[in-house]
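J.: I would like the entire structure built from these sequences, with the hints used as guidance.
Numbered continuously in UniProt numbering, the sequence shown closes out at residue 449.
If you are wondering where the hints come from, they were derived from the structure by calculation, not from laboratory data.
Model, not experiment: these values are computed from the prediction.
Please note: incorrect hints may appear among the correct ones.
Mimicking EDC-like on lysine to aspartate or glutamate, the simulated pairs with C-alpha atoms at most 20 Å apart in a straight line are [stated by the list, open to error]: (1) Lys74 x Asp305; (2) Lys427 x Asp354; (3) Lys214 x Glu234; (4) Lys164 x Asp279; (5) Lys255 x Glu238; (6) Lys164 x Glu133; (7) Lys74 x Glu345; (8) Lys164 x Glu175; (9) Lys196 x Glu212.
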Amino acid sequence: MKLSELIEAFPIRAAQPAEQQAKPAYPVSSRSIIMAGCLVIAGSFGSLAAWSATANLSTAAIAKGTLAVDTHRKSVQHLQGGIIREILVRDGQRVHAGDVVLRLDRTQTQSLVDMLRSQVDLGRAEEARMIAERTGAAAVSFPPDLLERARAEPDLATILSGQKGLFESRRQSQEGQTAILRNRIAQSRQQIDAMKVQETAKRSQSTLIEKELKGLRALASRGNAPGNKVLQYEREAERIAAERGEIISNMAMVKQSIGEAELQIMQVGKTFLEQLEADLRKTQASLFESSQRLHAAQADLARLDVRAPYTGTVVDMAHHTVDGVVTPGSRILDIIPDGDQIVAEVQIRPGDIDGLAVGMPAQIRFTSFNQVETPVRHGQVLSISADRLIDPKTGAPYYGMRVLVDVRSGEGLTISSGMPAEVVVEKQERTLFAYLIQPMRETITQAIK
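T.: Shown next as structure tokens:
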């Protein structure tokens, strides 16, 4: 088709003036437009007023703080202190309860333990020897554990051998004293036997003299015997009687010496036992004291291996140098126990304390993470301080609050003690209208007062 034909088929009309364009069939009034706008505005304000009077809005207290374990980190300390010989852990390392985390020098404590053990061994050996002496045993019965250890410990074997020798020497000494006295008694008995023979002979002589003297006196009375002969026999009779009396007296003295010797034998045994009992009591008292000191020293020796009291993670080690000094009672390291609940410890402004109570739900945000990607964890208020506190760093007043963190919420998020956190606690709900008129109500209340 040619261009001319196209133009004829589709003719181009020239634009007509605005006055000649078609007019609406119904004319629009400006008053109607204004009325419609007023109705829309009134409806909007009415809806807003109705919503503000009926919709409940929640208030919230917002506070910042840090995370901590519910029972707090556990400090590991040492009572006596000492010189560090070995450090077995480092910050961030997991340990189990009973694991050795640090070893202190054992030289001085080990020497004390060895000395006290020797004293205890000596005391036990002396006690066994004295008990054997008291019971009159033929040999000392030492405790089985001492005999077993003596096979491998020459010093202990020397102690036991010394007590055996002392037992034998003391027994021989006592038996020697007793033997001397018994020999003296035996000799005295022999003297008595000899004196009895002499006394019997003197008694026989005295009987014969008396018979002869009786016959001489009869002859002398008839004049058949001289008077001096009678006197001679009388003197002989008196001499024999005197000798017999002396023998009897000596026998009594010897018998008395026998009694004294027997008494001495008894006294030797009594004195020995009395002294033995006194020595035994003294030894047992000393043994008890040494045993108590040994147990204390052994406990000190065992504590030189510093052990973890809980299973958890090591943090904030105070010592990192071998041969360093741990002062008595000082902190060595801290352990964050496993399985403890995580709490957020925050500071509430005094103006936000109204309406807060234990058990209220809370939301915890961790400010150290990406706020867009980090989920919010839920929690519950555990405790609120009973009185206002003062921050020692800033001097600002606050109320302390602890919020239990629900570790099951916000899966995939690893949290630990010491992390910063922001806690939001929803308080009571009020309408927007109540919010708006609250300042007016307070102003009116103050004016009335």
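J.: Broken hints, numbered, in rising order?
T.: 5, 9
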